[in-house]
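> Using the sequences and the accompanying hints, generate a full structural model.
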Amino acid sequence: MQKISFNKILIGFAFSPNLKANVFEAIRLADFFGAHLYFLHVGSKSATKKQALNDLLEESPIKLKKVSFIWQEGKPVETIIDQCKKNGVDLLLLGALQRENMVKFYMGSIARKLTRKAPCSVLLMIKPSVIRKPSQHVVVNAFESPQTKTTINSAFYFAQALGIPKLTLVEEIDRSKVAALAYDDRSLRKVTLRKEKLKRRELSRVREILHHIPGILKENIQVHLQNIFGTRGYSIGHYARVVRADLLIMNAAENRKSFLERIFPKDLEHILSELPTDVLIIQSKDNG
Amino acid sequence: MGKTNTFQNFLRTLPANIFSGFVVSLVALPLGLGLAIASEAPPIAGILSAIVGGVVVAVLGGSQLTIAGPGNGLVIVLLSSITLLGKGDLYQGYLFTLAAIVISGVLIYLFGLFRFGALSEFFPASALQGMLAAIGIGILSKQIHVMLGVTTASGSPLELLLQVPDSVLYLIENSSIEVLIAAAMGVGSFLILILYSKIQNPIFQLVPAPMWVVLLAIGLSYYYEYIAVVPYPMGKNLLITLPENLLGSLPFPDFGKINSIEFIGIVLSLTLISCIESLLSIKAVDKLDPLKRRSNVNKDLRALGIATAISGFVGGLNVVTVIARSSVNVNNGGSNRSANLFHALFLLLFILLFQDQIQRIALPALAAILVYTGYRLAAPENLIVLFKIGKEQAIIFMATLGMTLAYGLIPGIAFGVITTFFTHIIINKSLFLFTRNWLKPNVLMFREEDSGNYFVSVKNFCNFLNFYKLKAMLDEIPETEHAIIDFSLCEFVDHTVMEGLNDYRRSFKNKNGVFEIIGLDVHFSNTQHPFAIRKVLPLPDFLSLNTNLTKRQQSLKKFAQRLKWSYRPELSSEAADIEQFEYFKTKQINYQYNLLADESKRFKLFDISYSEGAFIAKEGLKSSFLMIELDQNLPQFILDKEYLLVGLYEARGYKDINFKEAPDFSKRFFLTGKNRKEIQKWFTPEIIFFFESHSYFHVESNENILLIKGRNRLSSIEEIKKMLAFGKELTHLLNNR
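Residue numbers (our numbering), protein chains in the order written: chain A, 5 to 292; chain B, 723 to 1459.
Simulated from the structure, these hints should not be mistaken for laboratory data.
Accuracy of the hints is not assured; some may be wrong.
[To be verified] Computed list of lysine-lysine pairs in DSSO-like fashion (alpha-carbon distance at most 27 Å, straight line): (1) B/Lys958 - A/Lys194; (2) B/Lys1231 - A/Lys194; (3) A/Lys53 - A/Lys131.
In this text the structure is predicted, and so the values were computed from the model without any measurement.
Here you go:
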């Protein structure tokens, strides 16, 4: 398990109507973690742009100590990735341009590229707001994957820092593992039993992980475990919507080894194409 | 349940299954002959497929109560195949068709093997109904001429229908005894079939209607031979001929046209229609099963495929699961697959022993059976029901019907699917909703950790295109559990889904589980019907339906006002716990409406629409009921007029309870229940006198609830008042004991 901490946060910003909300969210987050905040604009630097940003920072009730500004021209994705690497950034913030479906979709596709290549964790905010709306409920993936331990640990770290009171760990039970179809009474019993078995196994695995999380991180957080059945990666987003969670924390994509895995998107790709809530993607070095 | 226990159970129910198999064979014989004749195949072909189907499916099948044999749906395909491939030579066409049947059998087997049982779920319910109606019209349009004794009519179904006046004219112009007797036999047979269910004579009801027709037709021929001693005035072309030596003359399929496009098209049509008809039937029969077993449809498909291939090799037609005969099986106490086997064996016995008698059956009689079958498939009631669900359903139905009649089955059903999809696009004013989300998983299921309930959430849209995904999840929930289906994230739910969910609700209820649908409050539907389309935004006005109260409903409303009771006219699929009563064990409740209730909700008066049997054997019924909640627990009993019902309940292990001291009561009433002693104790002379001195009602008890049923139709206001008085007096009597 790798210890994740967010000491350097970078926000890529554009001059959109959402700029203020995005900037305020970034400042709050950096404040929570006591982090160094980098503002990155992909585009030319001009006096008016600089002035607009400065005005926003003036307006913010929180004054950060460590702030840097980067103005650089180039292709958005590559430039952002470069700067993250150069500055050793831990967390990349992306504010959504939530206007139209198509824009959201476009945003999803940039986000997908970024998360695939980013050397650090990524937080996608679908509804950034000027005034703080504290998160109430985080849903965290607890799939069987080498990264999961780090992700869960980071989730507690994040929830603790932001004071999120409720955290649900979700194990998705792969339908293919049930390996049987319920077509009559007998096979239904078989399927039900298999599912129970899988569920118990999953639960004990997640409890084991929970057991290793430092107690200080778990303080004042209500933890729930939930099994869901569905298409892997996709259903957790659906679940987050059903339980009205406001943040979903996921593993970064596993390294794609086979050609087939590249063609059939899974896990993250599904989430990114729908963006049910804010999504935090934890990049860990445990990547298999 | 141990092995010996299962075997003992099998032996115990064997007599009932043999009996049921026998009754089914009485129906199967005329239908088999008739369906083969309607397809222009040799009459024996229909019986052969029933025999092969009965044996093979009984041994290899995955369902318990279904009966296999030649199906209605295939008549149209087989008919066009035999005429098309034979190019005028019907026998040669038949041989080519046998080859198509063999190959379709192999395909059906593969469908079962690869679990394509879900295939039928891609068809919208209303489009399927339209297709079935078209099949019905196809059968009816041709056979109505034969029923009138005219065998020369030919053409497409619509042309044939237009020729009906010609055939009637022909009758009037050539009114010889030969012509008239054929027509009289046809029309007479048809009347028997229509009036059969109306005649409540127990002895008459012992023999199924189609068998009456056959018996009368045979009887008439004997009358001419032995009593009138004149030649039977029936044309040779109107009598059945069976091969002299049944086993020696088996035809062999001719695979000569296997490469032609026509042939391939026929194979595909046969396969598709067989699968659809069988799957629909299997599911419909599952709903009738008193033991609530779930059939393994894919195993059944495999068995049907093997049976079809064998049947084709020996000269028989496609073997499908047939609903009419299956529901006869259920109604006569069949309880496992052996009934299917016995039906086949009895048929074999019939054609070996009664060859001469079978050849005396005149075609008009068989044609009458087919006209009736066709009419049941195409009955205008089906359209009216759909119209009540929503105008768009009626449009889909008519579009599929018209297209099928004009261009055949496959273009017809394809057009039905397309029409359905277009209505969905129009209603939603969005294609994007469907294209964007079609292939995405839209169903999430989890078991709530605290309550143990299964929670299923559906998002985006849910219609016939992706209902299979939801079904796959729902199928994995044991029906004894509590399931909650949430549609609040779903923008659009169609009729096929609503109807499908109602089936789930029913099967959960049967097994004491709970199936709740939530999140539809934000949706609008344009009719009150529980199966109507649901959509988040209001539906366009042009689809809205006028929902005024009928005269009877207005009187009910006034009556309720006078009693200071509440009155709710609307339909509801939640039928006030009524399904637990024995009376409804083999019946399906469609919906409850016109609910009158007193303030304490102890007395509830309501109408129920329910059905016996399924599909074309379906008897749609509406009756009025009174349900009373008492302070005391009663022993579970059923009280009814003493007549044929007795046999039915006895088949399910209920015995008539009689009282020595009340011979009149014992003679007039059939009383039964699980705990004989308790019932005898409870039926004091006072209570017996009460029942003796009042009019007959079907009365059932379940714990502290009394159910009183009116007639086999809706009760009039007067009758409802009588029923209420009866219930009140009975309650009064019980409370003052």
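> If a hint holds in the structure, say so; if it does not, say that too.
Against the structure, the hints come out as follows:
For the proposed pair B/Lys958 and A/Lys194, the alpha carbon gap of about 60 Å is over 27 Å, so the pair is violated. Restraint check for B/Lys1231 and A/Lys194: satisfied, since their Cα atoms lie roughly 22 Å apart, inside the 27 Å limit. Only pairs whose Cα atoms come within 27 Å are accepted, and A/Lys53 paired with A/Lys131 is accepted, the gap being roughly 23 Å.
When held up to the earlier numbered hints, the structure conflicts with hint 1 and nothing else.
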